[in-house]
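Protein chains: 4
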Amino acid sequence: MSAGNSIGKDFVFTCFGESHGKCVGAIIDGCPAGLSFWKKDIQLELDRRIPSKREIVSARVEKDSVEILSGVFEGRTTGAPICALTRNRDARSSEYRQTKDLLRPGHADYSARIRYRNFNDYRGGGRFSGRMTVAFIMAGAVAKKLLRRFNVNIAAYTVAIGGIELRREPTIDEIERRFDNPVRCPDPDTAKIMEEAIMNAKAEGDSLGGIVQCIATNVPPGLGQPIFDSLDADLAKMLFNIPAVKGVEVGAGFKSAEMKGSEFNDFYSIREGKITTLTNNAGGIQGGISSGMPISIRVAIKPTSSIGKKQKTVDLSRMKDTIIEVKGRHDPCIVPKAVSVVESSIALILADHMLRAGAIPKVLAEE
Amino acid sequence: MSAGNSIGKDFVFTCFGESHGKCVGAIIDGCPAGLSFWKKDIQLELDRRIPSKREIVSARVEKDSVEILSGVFEGRTTGAPICALTRNRDARSSEYRQTKDLLRPGHADYSARIRYRNFNDYRGGGRFSGRMTVAFIMAGAVAKKLLRRFNVNIAAYTVAIGGIELRREPTIDEIERRFDNPVRCPDPDTAKIMEEAIMNAKAEGDSLGGIVQCIATNVPPGLGQPIFDSLDADLAKMLFNIPAVKGVEVGAGFKSAEMKGSEFNDFYSIREGKITTLTNNAGGIQGGISSGMPISIRVAIKPTSSIGKKQKTVDLSRMKDTIIEVKGRHDPCIVPKAVSVVESSIALILADHMLRAGAIPKVLAEE
Amino acid sequence: MSAGNSIGKDFVFTCFGESHGKCVGAIIDGCPAGLSFWKKDIQLELDRRIPSKREIVSARVEKDSVEILSGVFEGRTTGAPICALTRNRDARSSEYRQTKDLLRPGHADYSARIRYRNFNDYRGGGRFSGRMTVAFIMAGAVAKKLLRRFNVNIAAYTVAIGGIELRREPTIDEIERRFDNPVRCPDPDTAKIMEEAIMNAKAEGDSLGGIVQCIATNVPPGLGQPIFDSLDADLAKMLFNIPAVKGVEVGAGFKSAEMKGSEFNDFYSIREGKITTLTNNAGGIQGGISSGMPISIRVAIKPTSSIGKKQKTVDLSRMKDTIIEVKGRHDPCIVPKAVSVVESSIALILADHMLRAGAIPKVLAEE
Amino acid sequence: MSAGNSIGKDFVFTCFGESHGKCVGAIIDGCPAGLSFWKKDIQLELDRRIPSKREIVSARVEKDSVEILSGVFEGRTTGAPICALTRNRDARSSEYRQTKDLLRPGHADYSARIRYRNFNDYRGGGRFSGRMTVAFIMAGAVAKKLLRRFNVNIAAYTVAIGGIELRREPTIDEIERRFDNPVRCPDPDTAKIMEEAIMNAKAEGDSLGGIVQCIATNVPPGLGQPIFDSLDADLAKMLFNIPAVKGVEVGAGFKSAEMKGSEFNDFYSIREGKITTLTNNAGGIQGGISSGMPISIRVAIKPTSSIGKKQKTVDLSRMKDTIIEVKGRHDPCIVPKAVSVVESSIALILADHMLRAGAIPKVLAEE
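Residue numbers (the numbering used here), protein chains in the order written: chain W, 1 to 367; chain Y, 1 to 367; chain U, 1 to 367; chain D, 1 to 367.
These are computed hints drawn from the structure, not numbers from a lab. Given the structure is predicted, the values throughout are model-derived calculations rather than measurements.
Using 30 Å as the maximum straight-line C-alpha spacing, the simulated DSS-like pairs for lysine-lysine come out as follows: (1) Y:Lys-310 to Y:Lys-320; (2) U:Lys-255 to D:Lys-255; (3) D:Lys-260 to U:Lys-202; (4) Y:Lys-22 to Y:Lys-53; (5) Y:Lys-260 to W:Lys-310; (6) W:Lys-100 to U:Lys-145; (7) W:Lys-255 to Y:Lys-202; (8) U:Lys-260 to D:Lys-327; (9) U:Lys-327 to D:Lys-274; (10) Y:Lys-260 to W:Lys-63; (11) D:Lys-255 to U:Lys-309; (12) Y:Lys-260 to W:Lys-192; (13) Y:Lys-320 to W:Lys-274; (14) Y:Lys-39 to Y:Lys-22; (15) W:Lys-309 to W:Lys-320; (16) U:Lys-327 to U:Lys-192; (17) U:Lys-39 to U:Lys-22; (18) Y:Lys-274 to W:Lys-327; (19) D:Lys-260 to U:Lys-63; (20) Y:Lys-145 to D:Lys-100; (21) U:Lys-274 to D:Lys-327; (22) U:Lys-192 to U:Lys-63; (23) U:Lys-260 to D:Lys-320; (24) U:Lys-309 to U:Lys-53; (25) W:Lys-274 to Y:Lys-312; (26) W:Lys-260 to Y:Lys-255; (27) U:Lys-63 to W:Lys-39; (28) U:Lys-310 to U:Lys-320; (29) W:Lys-309 to Y:Lys-255; (30) Y:Lys-63 to Y:Lys-309; (31) D:Lys-260 to U:Lys-255; (32) W:Lys-40 to W:Lys-22; (33) W:Lys-192 to W:Lys-309; (34) D:Lys-312 to U:Lys-274; (35) W:Lys-100 to Y:Lys-260; (36) Y:Lys-312 to W:Lys-255; (37) D:Lys-39 to Y:Lys-63.
Residues of chain W placed beyond 12 Å of chain D at every Cβ, according to the derived structure: (38) Lys-22; (39) Leu-46; (40) Arg-48.
Where is the CB? At the ideal position from N, CA and C, for every residue including glycine.
Looking at chain W on its own, in the form it has when it is part of the complex:
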């Protein structure tokens, strides 16, 4: 029965709102006072979330417009909780009412009914809708602004969609241009093929999943609170809270299971007076603590649950097996949107651990 809608310890993000309710909202508690912050810092991130090529995403027109309700005064954070809100506009709830007793495969319809004893707001998936991630983006915008004060840089991008994989390391330059194409893959050629795959799946009334990679550079060594608030543990927790995430790996990840110690171990070496490692199989985290090397994480995204094809399911009103055709406007692939969400999620955890390490006051003082 206990509460679970907040995450973070010193930089605490609380998410409220529903898919077809009045709004989606985010509270950030713990952001230090004095950070220069404006509405546009959030709005830019919200705009970037939605690929411009509307064919590959949901037909729901979600031009989200943020309102900041508290915590910012004269262009600076005050140290009080920041509340940011986006009103829902284009919700069409009637479709959901008609089919509310048909469990949609891949969705949380059944588990949510049990958990909330049928009282959850089921319209559009309610709290389980991808729309909730608008709050992640809003909160992430505060985290990113804070991290920029420390020169920490975070970039997520698509490395696989529907089995089509980017097999080489993209350049920094390519990564910076990842939002230029609708699938957010740093390689334009691969992006083209991914895009086609999505359009094909859409045509079939089907959907695709994929893999998002995230790299955080310039993260200072020493972040993380082992044993149980390890940096990788907190990152994984946050990422698994994103709807559709089924796997998280750090550094070499599952490949490390096939490696020998002599292959996996990152050898230390001094480069320009600094301790570095020659490889980065650890993914920038050793013993749950950042090592100063880039943090590298990969996240598996399942294919969109809502598809046009007929599927077997149960009609709860009659407790009988039946067939469902899911209506509504859905993304044939949510990986492109997930890129922004993964990026924001990682920013939120890094900001929290920065504050937990006591890193902030000095930097803001210099502002």
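We have chain W already, so just place chains Y, U and D on it with the hints.
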């Protein structure tokens, strides 16, 4: 600077102790009063952790003997914190003193020094030693006893070591006999090959990683506190806190990234009057809430960091590149021990979420 | 630097907003799904907060109108976070800008400047304004509705203002009519004298403090999580967070310091088959756990900080001693408003401990 | 059902053990690495807890000897959890077994039975024994050592016992010698009278309560995390968790209820270039944040529950009213011991808030 050595919300596990200090200890706070519990409930789990075939594990003789210091009275939990302790015996610290300025590749030596400003107890890896998992086992024993009152069953087992993979689903019977062989693989033939691979790696002064699978059956639907204390998120967080874990996947995991929605979605169907799904790609968790299907998780374990081979590293006392030969007695593969640790870790989180769902009092009342 | 704007463990109240910002808001996370709840449940409490006789309170016209943004669907809580909001209307901020460098005696001006390094929203006291208690009232309305499902009854009332004390126990009937007079004292004659005292203080440009008593009846025995989340400890913590509270006592409170054990101890006795005590010096809490006897708490409220009289202070812009005349519209006595806030605060903690005790599901199921 | 045996956010104190179990233990999680710390730092505090004049305290011989199990290495804290343990020696449990169904007036016997469904360790009061405060002392010793690095000074002393009150402000010198007399009152003459009062109460088979005052000087301004982790709120919470505390007041406390605003308000003034106030009715805390003035708190302690006199009670085994004569060795007045406990408790909260304010690293770096 903040504390991070506790995990769980209603069933809280705190871990203390060091590899070469006086002891490893666990506190469980929140275990309901009235649970039948004895020292042997922990001792059995501790004994089972160490494979009988000593060749494949560390030569350190760790016959661990538990002492319960509080929270149990006349064979029952009292509702007060349970403190369980295992004294360290066979620690040989002198080796570590000599080489304390040589960063051991794969270990947390560097990140820990930064985090604790050189004051951490480095002997045997200190808090970063696999020995800390003895506390996971002790706490997990309480969780398992509690879960048994609900008929929840948890079984972890090895599915891959050094690239050798068990490619078929083992039977329930085989899973039950997983501790009969030293690598804890349910298939005896595959187990044999894995064992040989470990011995070969050992002979080369090298080490192997692998994958542990865990299945929890009979978990009631409705566990999990989304958005941020989702069941999969809390499980992933706990698992990433186990030393050497580099990846976690739930259900189809990373494979889901290559599947279409029509392949991935688990179709609902009524079986014997109960809502079930025909497949279990979700791994028993939908929208962060248990669905009643078996919970299925896979964990990637990196190869043991300490290897006999020479490795490049840095000597901090001289700030120079150098070569290290790691001494000490080390497991050529920690996957067999990790099986117990993964099992305990998952038990701890499930027990916490059982309590968070308010499930306990009635059951204990019937005892 | 860490966050502190949430309280409660299973029923979590987060407060946001500022005195002269856009709004005051409350998030309730953890309210069980299925509770019948409407906007009017909050509105009634907000209306009751302000004494009808406007002379004894601030001239600021605060007809607060609540908006529920999330967590309620078709007249029932959904289990998702409930966000309730009251817009600020009648804020006159210009006065505060002119005198922002003059520390107002009795206020948090100085400590807040240090804590938030001058970036706090100082207008109207910002986060330190009594206006923040509007959020306490909104959140308390949810708690009260929940507690009513268990027949728990909470009543706060004024027992002293400016040294004028109600020296006898009021009857249940009198307590029920406490909101009939503007000072919320159950005895109408004493209320009259208190009212006059307030008007006199106002005429002098001065202010008065007082004592609020709160009684909670029908609280089941067994609530409280000692050692550190004792029921009295959590109540005291919540109460000290109300602006202007300088003391909290439970049962006989400070008088117990003068009593002998034989006088203080509440003797047990069976009454109508139930365990009760013949006296209630413990105030319904033994060892940090509710005993089933009425919970009785007294709260000391300091006189309103803002007074018309000239006061010595410091001008921070010139770092010089000076004289201040505090402008603005202020209550000559906040005790009448504090009655509602104390009642709400105690409801919030009791609701949290009800949920922590696992008490909810059954009761809602019967609804 | 949830856990409640930890307190603090960045400096977390967990208490385990029972009065007649094996030990009383404390875990401190979050103490920064590098603090010089030795067993004797705790032992001195434990020794000082027990007045030398044995007549006025319990006859139970509690020469407590601390053992540090973890978190300290080569005379310095490591950043890992510190576990400190005191074994119980002189427990005589048989007396408690015989009368376990007779509810002892003033004790938590009844509320604890309900809370823990009869499974609590009732011997010697179990978790509700004053003996638990040994853990407060042990943890407090770490907090005090840390605070000394910031020159924060904390002194608690007795100001009232059984109605005999110290009516004047003691000098700093007198406060420093408070442990010279068995009642810990800074004024030797008043101490003498208090001592006699205790001996008289003892002779009658009765007990006395009292009031402990605590002053913390040199606390930097800016500590506290309003709205809900206000410094006074966290202090009050901690203090109410001490067995026998029935009231807490800050600064003028309950007296402020009788004061006018013009009397209560502390006027600001510059003294030696620093912002101070001419009076300290606020008790060093404004708006939940320390102001830099001395923190002043008073705590009401009820008379010892166990008395020799016959008392009415209930025999649960027969569900009948009866008479009880409480056996065992008890303090006629616990106020002298409470002085150490109040001091430790306040140190724990101040240390936590120091860390939460990010104050530590720089100071330790200078060591």
